[in-house]
Amino acid sequence: MLFDTFEFSIFLPIVFILYWIIPNKNISLQNCFLIVTSYIFYGWWNWQLVPLIAISTLIDYAVGLLLLSNSNAIERRILVSISVFSNLGLLAFFKYHNFFIDSFVDSFSLFGSNLEMNSLEIILPVGISFYTFQTMSYTLDVFKKKLNPTKNLSSFAAFVCFFPQLVAGPIERATHFLPQFQNKRIFNYDSAADGLRQILWG
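At position 115 of the sequence shown the residue is numbered 641 (this note's numbering), and the sequence of numbers has no breaks.
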């Protein structure tokens with residue numbers, strides 16, 4: 527789903543209204559609602575891409591908790607390496623797999639060899655760079671002890687997949703954005719009206 531489509535013009539008001547119907551004392555329920563609606567938003571084009579966000583979310587959530595309970599410097603480096611390599615590995619595979627295969631085949635053709643290697647029909651997940659670097663930056667902040675890891679999976683998952691910035695950014699640092707999913711939210715009419723004006727202006 528794109529921001530400038532008819533579907534989104536229906537989707538956003540429904541999500542907005544239903545979100546504020548949920549009692550603001552129930553932060554976990556609000557976060558779960560945002561996760562579900564964000565996954566619907568992201569999977570509108572292709573549901574097969576949704577598990578990738580879930581995988582990145584679970585990897586970095588788990589690594590964050592393990593870093594919290596581990597004071598061994600070597601083991602902490604191993605944990606953060608798992609996060610970095612798994613995230614960059616997914617990103618590299620989906621963005622550059624066919625590029626490297628085609629380049630490898632072309633390099634052999636320069637020497638008169640016809641190497642037969644088939645490219646894979648890989649769909650590039652929309653916004654994969656944004657949520658990959660966002661989850662990875664969280665782990666790095668936890669590793670550097672700039673941020674205490676959250677034990678609340680719904681808060682972390684909502685931080686990763688929040689649909690207004692999921693496919694177009696910006697990449698938000700967890701130190702700034704994650705606390706907003708952990709604290710009580712209060713409806714503010716002036717802020718809502720200002721947000722609507724900016725949406726219409728955009």
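The hints are simulated quantities; they were obtained by calculation from the structure and are not laboratory data.
It cannot be assumed that every hint is accurate.
Unchecked claim - Straight-line C-alpha distance at most 27 Å; calculated DSSO-like pairs for lysine-lysine:
1) K710 <-> K672
2) K621 <-> K671
3) K551 <-> K710
4) K551 <-> K670
5) K671 <-> K710
Do the hints match the structure? See the list:
Note on K710 and K672: the hinted pairing holds, with a Cα-Cα distance of about 23 Å set against a maximum of 27 Å. For the proposed pair K621 and K671, the alpha carbon gap of about 31 Å is over 27 Å, so the pair is violated. Proximity of K551 to K710 is assessed by CA-CA distance (about 7 Å); at most 27 Å being required, the pair is judged to hold. With a C-alpha separation of about 32 Å, the suggested pair K551 and K670 falls outside the 27 Å cut-off, and the hint is violated.
A threshold of 27 Å between alpha carbons decides the hint, and for K671 with K710 the separation of about 25 Å falls inside it, so the pair holds.
Comparing the model with each earlier hint shows violations of hints 2, 4; every other hint is respected.
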